[in-house]
Each structure stands twice: as C-alpha cells, then as structure tokens.
Amino acid sequence: ELKVEQNPLFLSMQEGKNYTIYCNYSTTSDRLYWYRQDPGKSLESLFVLLSNGAVKQEGRLMASLDTKARLSTLHITAAVHDLSATYFCAVVASGTYKYIFGTGTRLKVLA
Amino acid sequence: DAGITQSPRHKVTETGTPVTLRCHQTENHRYMYWYRQDPGHGLRLIHYSYGVKDTDKGEVSDGYSVSRSKTEDFLLTLESATSSQTSVYFCAISGQGTKNTEAFFGQGTRLTVV
Numbered sequence: 738e739l740k741v742e743q744n745p746l747f748l749s750m751q752e753g754k755n756y757t758i759y760c761n762y763s764t765t766s767d768r769l770y771w772y773r774q775d776p777g778k779s780l781e782s783l784f785v786l787l788s789n790g791a792v793k794q795e796g797r798l799m800a801s802l803d804t805k806a807r808l809s810t811l812h813i814t815a816a817v818h819d820l821s822a823t824y825f826c827a828v829v830a831s832g833t834y835k836y837i838f839g840t841g842t843r844l845k846v847l848a
Numbered sequence: 010d011a012g013i014t015q016s017p018r019h020k021v022t023e024t025g026t027p028v029t030l031r032c033h034q035t036e037n038h039r040y041m042y043w044y045r046q047d048p049g050h051g052l053r054l055i056h057y058s059y060g061v062k063d064t065d066k067g068e069v070s071d072g073y074s075v076s077r078s079k080t081e082d083f084l085l086t087l088e089s090a091t092s093s094q095t096s097v098y099f100c101a102i103s104g105q106g107t108k109n110t111e112a113f114f115g116q117g118t119r120l121t122v123v
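So the sequences go chain by chain: P and X. Each residue of the first sequence is one higher than the one before, starting from 738 at the first, in my numbering. Each residue of the second sequence is one higher than the one before, starting from 10 at the first, in my numbering.
Keep in mind the hints are simulated off the structure, nothing from the lab. Certain hints may be false.
[Said to hold, decoys possible] Derived pair list, reagent style DSS-like, types lysine-lysine, alpha-carbon separation capped at 30 angstroms:
| hint | chain 1 | residue 1 | chain 2 | residue 2 |
| --- | --- | --- | --- | --- |
| 1 | X | LYS62 | P | LYS740 |
| 2 | X | LYS20 | P | LYS793 |
| 3 | P | LYS778 | X | LYS66 |
| 4 | P | LYS805 | P | LYS740 |
| 5 | P | LYS845 | P | LYS793 |
| 6 | X | LYS66 | P | LYS835 |
| 7 | P | LYS778 | X | LYS20 |
| 8 | P | LYS835 | X | LYS62 |
[What the hints assert, rightly or not] Examples of chain X residues toward chain P, derived with CB under 8 angstroms:
| hint | residue |
| --- | --- |
| 9 | TYR40 |
| 10 | TYR42 |
| 11 | GLY49 |
| 12 | HIS50 |
| 13 | LEU52 |
| 14 | LEU54 |
| 15 | TYR57 |
| 16 | TYR59 |
| 17 | TYR73 |
| 18 | SER103 |
| 19 | ALA112 |
| 20 | GLY115 |
| 21 | GLN116 |
| 22 | GLY117 |
Ideal Cβ placement from N, Cα and C applies to all residues, glycine included.
Assemble the whole structure, with the sequences as input and the hints as a guide.
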C-alpha cells in the first residue's frame, strides 16, 4: 500500500530565507503533484512532476522529483508572507489512478 | 477553474442519521474521488470512481458508500453518521486517462455530526 510522508509538518520561517519541504513515498510511482491550500479554502495545483529528474519552477517555488529515491522536494527561495499556506504532495502509484496525499506542511512566513 | 460543485457546502446532522453528499462536474472527466480532511491527517481517500457504476475503496472507506450513475455525479453516503465522521469532505476529478493531468478539487463540504 502506498504511503506518503512529508516533513516537516510545520515550518515557521523568516521572510527572505530559503527552505525545503520533503515528500517521501513508499512504492513505485511516476507521477507526483504539489498542491497549496489556504485556510478554509480548497486545494490549488502547483506542480505536476512526471519523470525522474523533473524540475518545475514558478516564482519562488521549485519542485523536483527523484523516482529512484522516491523523493520529491519543494524548495522555497527568499520566502515572502504570501507563501504562508499548507502544502501537500500527492502521489499516484504506478498502474493506479488513486491520488494519495501526504499529511501536509503548514508553512508560516514571518515578516 | 474546473467545473466541480459540491453540495451542500455545510451540514449539521445527528448521530445515526443518513447523509448524502453530492459532487457534480461539468468537465466530462472519467475519474472522481472523495477525500476527507482532518487535522494531522492531511487528505485521505475514501472512495473513487473510474467510470459510471465503477467504484473502488480508498484508504478510509469503512462507514461510507458511493454511487455513480452518470458521468457527472458522484455521491457519497454515510449510512449512519457518527461523530468520527465530522470532517471536511472534498471531491476531486481527474482527466480522461491522460497521465499528465492533476486532480482538481471542489470547494469542500463541512460536515458536523452531533
């Protein structure tokens, strides 16, 4: 059964700093997704990673995928307050269409 | 925004009563999902559907049933609601078998069982 773990669960950081969120998963997958959720809102898609070595960037966020290590990272560069949210990774195990989510990382960027 | 509508958006119900949540899509997507979101657990898959009348269990399916009689509608039923089913429920859809499509989410239904 596919398990997805994220760490850290909570992250409080100063504006301007860099940090990385990690997403590990337990079985073979070639599809990984990152989502953002603001309090009381739905989930918004950020990145779709479909192959080993895939790297996607949007603004201050960059996501990468290492399928051999079963690891994805979401790197935050020079954080700003507007990035405060909860970030989820989701993995689809090979041969299925089930999106299994990590527990989420709640990010708070302090001014 | 993906055309996904959840109803109701909020509901308070009593323990032991049946409850049905509805997810309606206008995207003609093949796959539909029900998740619940609870603090400390992220999103957990309850059931999903891969076509009309085709459904399968997810991670936390006990106490829930689903039905999909047409492409656009996916219903989640709590046969006899319990307090442990108090949660926020999200419906999601994903594309027609294309691998590069992410799941798109509805706005959520906040269910309180008292």
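**Asked** Minimum Cβ distance from LEU54(X) to chain P below 8 angstroms?
**Response** Where the cut-off is 8 angstroms and the nearest Cβ of chain P is about 6 angstroms from LEU54(X), the hint holds.
**Asked** Does ALA112(X) meet its interface restraint, that is, does its C-beta lie within less than 8 angstroms of any C-beta in chain P?
**Response** With Cβ-Cβ at 5 angstroms, under 8 angstroms, it holds.
**Message:** Hint check: LYS778(P) vs LYS66(X), CA-CA at most 30 angstroms. Holds or violated?
**Reply:** Roughly 26 angstroms separates the two Cα atoms, so the pair holds.
**Request:** Mind checking the alpha carbons of LYS805(P) and LYS740(P) for me, to see if they're no more than 30 angstroms apart?
**Result:** With Cα atoms ~16 angstroms apart, LYS805(P) and LYS740(P) stay inside 30 angstroms; holds.
**Message:** Restraint: TYR42(X) near chain P, CB-CB cut 8 angstroms. Satisfied or not?
**Reply:** holds (7 angstroms)
**Asked** Measuring from the C-beta of GLY49(X) to each C-beta in chain P, is the shortest one below 8 angstroms?
**Response** Result: holds, 7 angstroms to nearest chain P Cβ.
**Prompt:** Has the given pair, LYS20(X) with LYS793(P), been kept, meaning a C-alpha gap of at most 30 angstroms?
**Reply:** Between LYS20(X) and LYS793(P) the Cα gap is close to 39 angstroms, so the pair fails against 30 angstroms, i.e. violated.
**Asked** Does TYR59(X) meet its interface restraint, that is, does its C-beta lie within less than 8 angstroms of any C-beta in chain P?
**Response** With a closest approach of 6 angstroms, the TYR59(X) hint holds.
**Request:** Go through the hint on LEU52(X) and say holds or violated, using the shortest Cβ distance to chain P against 8 angstroms.
**Result:** The hint holds - LEU52(X) has a Cβ within 8 angstroms of chain P, the shortest such distance being about 4 angstroms.
**Item:** Restraint satisfaction for GLN116(X) [CB to CB of chain P, less than 8 angstroms]
**Value:** holds (5 angstroms)
**Item:** Restraint satisfaction for SER103(X) [CB to CB of chain P, less than 8 angstroms]
**Value:** Since the shortest Cβ distance to chain P is 7 angstroms, the answer is holds.
**Asked** How about TYR40(X): closest beta carbon in chain P under 8 angstroms, or not?
**Response** holds (5 angstroms)
Taken one by one, the earlier hints fail for this structure at numbers 2 and 17, listed in ascending order.
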